[in-house]
Amino acid sequence: MSIRWCLLLALLAAPSLADAQGFEDLFNTAALQRLDLLVNSRDWEKLKANFQENDYYPADLRWNGQTVRNVGIRSRGLGSRSGTKPGLKVDFNRYATGQTFLGLASIVLDNLTQDPSGLRERVAMRLYERMGLPAPREAHTALYVNNEYAGLYAVVESINKDFLRRVFGGVAGNIENDGHLFEYKWTTEWFFTYPGTNLDAYKPLFDPVTHENASTAALYAPFEAMFRAINESSDASFVEAVSPYLDLPLFMKHLAVQSFLAQWDGILGYAGVNNFYLYRFENSSRVQFIAWDEDNAFRAADYPILEGYERNALMRRAMNVPELRAAYFAGLRSAAASAAEPVGGVSWLEQEIQLQRSIVDAPMQADALKPYTNEQYAAVADALVEFARVRPGIVLSQIP
Amino acid sequence: MHQLFRLFAITLLFVIGMYSPLSAQARVDWDPRPSFRVGDELRLDLRLKIQGDIRGFSPHQPIDDEGFHLHRRRAGIEGTLFERVTFQIERELRKRGPWRDVYANVEVVEAFEVRAGKFKMPFGLEQTTSTTDLDFVSRTNGSDALTPAREVGVMAHGRLGSRLEYETGLFRNDGENARLTEPAFLLPDEELTERSRSVAARLVATPWGRGGGSRPRIGVALTSSTSPDGLNSLRGRSTYDTVFAPRVYVRGTRLRTGLEGEWNPGALGFRGEFIRVTQERLGQGLGDVDLSDYIGRAWYVSAAWVITGEEKAGGVRPQRSLFQNGFGAIEVASRFEAMGFRSGSTDGPAFTNPRADHVAPNEVRVWTAGVNWYPNRWVRLQGNAVRETFEDPNRTPVPGDSTFWSGVLRMQVVI
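As given, the protein sequences belong to chains A and B, one line each in that order. The first sequence begins at 1 in the numbering used here and counts up by one. The second sequence begins at 1 in the numbering used here and counts up by one.
Rather than coming from a laboratory, the hints here were simulated on the basis of the structure. You may find that some hints are simply not true.
[Claimed, not checked] Rough simulated footprint, nothing fancy, chain A against chain B, three-plus residues with beta-carbon under 8 Å:
1. 332–344
2. 351–361
[Unchecked claim] Which chain A residues stay away from chain B? Per the calculated CB distances, all over 12 Å, these:
3. Gly-72
4. Leu-219
5. Arg-317
[Claimed, not checked] Facing chain B, a subset of chain A residues (Cβ under 10 Å, in silico):
6. Leu-38
7. Val-39
8. Glu-53
9. Asn-54
10. Tyr-57
11. Asn-70
12. Val-71
13. Ala-96
14. Asn-146
15. Gly-169
In this text, a Cβ means the ideal position worked out from N, Cα and C, and glycines have one as well.
Let's have the full structure, built from the sequences with the hints guiding it.
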């Protein structure tokens, strides 16, 4: 293919420059965003009354002087679902095929109801980015519904083909975003044990975000093979058996960052694996984990770095491989170093927390719909600052 | 509905009980159907309607009823009392099958009769014709979606001279075809104020010619009702029930207007109908603004020819039945129809959003050609070829395809 054709394809596939600039402005973390939703008042009441349902309602969305009309909004979340302050998914193409906003097909409005500080998710994702791991862009926003303040939210980039294009970009002229993307759906405690040969067992666990209409075999047969390899390969052949499905050193790095962040509801979560996406690359059986929903990070500054690893079949076996164990600890050291990097007289992590706190302080205190008091907010935000100061040292001290 | 049926059945049994079957005047007739009679004072007819279809599609449509499908199994009783009261009870013979017609009609004078119970509202030429008497396997999409069909109510009707008939009634809701799918959403301190009662009226004239049912007839009809707040508009469905124009939010008046015409000269039959429905959308926009009306529109024209020469008016009755020195009657028919929905406003881009002011329109056009064979007066075999073309290829039985062919073979037995 000629260079001219490659350039043309790249131009067609990439969002416009205006969209790209708008995207950067929307996720500008140095400023509080303002988003306005115009909905029918009955729809808004209905959405709150039926917040456990995924029913869509039409709305207009306004941001920074731009209005995108006829978007679809619905209640979202698992533990964060709320009838008082609903978490929202905003689909720009729900009622108009192909409609996008700033090059995005959808965004998430995280209601921050599981985080009294409102800071955890945003700061955690910044650390994943710094560590070179794919993570959604986020920014804080004041949300207004029909001109009434509906609370402080985080606007979160959806994990979809737009996201994949941004983080994986082009490979040899091909935009790497047409593989199989899945959202993990927590239904029960599961620790990456082998669900068995029946592919139907994988359906409730992995919800396809792309290629939703593909056959069960196309969607789930690679998962069956992957979890069989994880659980049934011999110790000697573990790395060789699993590597076609997973970049194990990269996976260990991902877990290291999550452990540094003391995320207790993630891949090594207390109630089984949770809060991640999996992307299976085009024409490949190999998957990559993508961070999602870090509202429960920053559990405690002294959170053990090996918490939960023995319960998890994949992590337990990986830690028995010296190279992978070393990769995990190396990842923890890197995360600690990145977080502790001096910036303006304090560590990067503390500086990031303080910056975000200065942005959310007033809108958080004005948010009458949040499920906690202003005192609780202040206490947890203070604890995050303390976490930033002591966590790197504690993590390094725990590494054998 | 069950209470209405119970009351009706008790009354009927009481009246029948007044007559001993041993009475000298009581008798049972079998032609054309099982019938219990007591002089001229009571007549009870047993009715049975069975329709079975074999269907095929191209391209394949994702529906459950491909292949053989028992379309209708209905049984009922109809009769007359004291020559002035007529009544009918009919039910679908399947588990939890709905009651169809359950009504009584009193003829005070020819110009004034009163009907009460559950029956078809006086709107739509095709809708008020029994499916067993249609020239085609199915009604038009417009008749199925835009007309009200059956409802519980009371209606006055009669014949004014030899050229004018009227029907006008008050009904509990707006008909089976307009059943509310979403209960009104009420805020904690709010009470439901709208009632969905409807009124309907139809006027049919036979201004030309003399004689019976072969004269040209033209009619106008309207219904008016109030839709409560909710996702309760009428919707567009294809011949095989794919929703190609989903419901939108409505509130306010729903007004149907219809124009119909029929002419059956000899062995020929011509029919045509135009239906328009407007639905108000008060306070249904984003920010609670009023939206433009939502408009449904349908029309069709059809022609039929009984090539074996029998009269078309009043239903085809074969002159020579099969196995009785004959072959029965054969009829060919063709119909063209269109039905669609759109919003009153066409400003700005169109959206499928159910609260859009400019709703993305969609329309289906259907051509049907058929052959009907009547081996005798009780049995009919029908074959229809149907071609459907949708305006929006993304809202069709198979998104991406806009034209669909189907074929239906039906066997019908009516006693």
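Right, here's what the structure says about each hint:
Note: the segment 332–344 of chain B has 0 residues with beta-carbon separation from chain A under 8 Å; the three-residue rule is not met and the coverage is violated. Interface restraint, the segment 351–361 of chain B with chain A: holds (6 residues with C-beta to C-beta distance below 8 Å; minimum three). Against chain B, the non-interface label of A:Gly-72 is violated: not every CB pair exceeds 12 Å, the least being about 8 Å. Every CB of chain B is more than 12 Å from the CB of A:Leu-219 (nearest about 20 Å), matching its label as outside the interface.
Every beta carbon of chain B lies more than 12 Å from that of A:Arg-317, the smallest distance being close to 44 Å; the non-interface claim holds. With its C-beta approaching chain B no nearer than about 5 Å, A:Leu-38 sits inside the 10 Å limit, and its interface hint holds. For the restraint placing A:Val-39 at the interface with chain B, the shortest Cβ-Cβ distance is roughly 6 Å, inside the 10 Å limit, so the hint holds. About 13 Å separates the beta-carbon of A:Glu-53 from the nearest beta-carbon of chain B, more than 10 Å, and the hint is not met.
The interface hint given for A:Asn-54 is violated, since its Cβ lies 16 Å from the closest Cβ of chain B, which is over the 10 Å cut-off. The beta carbon of A:Tyr-57 comes within 8 Å of a beta carbon in chain B, closer than 10 Å, and the hint placing it at the interface holds. Checking A:Asn-70 against chain B: minimum C-beta separation of about 4 Å stays under 10 Å; hint holds. The interface hint given for A:Val-71 is met, as the beta carbon of that residue sits about 9 Å from the closest beta carbon of chain B, less than 10 Å.
Among the interface hints, the one on A:Ala-96 holds; its C-beta lies about 5 Å from the nearest C-beta in chain B, closer than the 10 Å criterion. Using the Cβ-Cβ criterion of 10 Å, the hint placing A:Asn-146 at the interface with chain B is satisfied: the shortest such distance is roughly 6 Å. Here the hint on A:Gly-169 is broken, as its CB sits about 30 Å from the closest CB of chain B, past 10 Å.
Checked against the numbered hints given earlier, this structure breaks hints 1, 3, 8, 9, 15; the rest are met.
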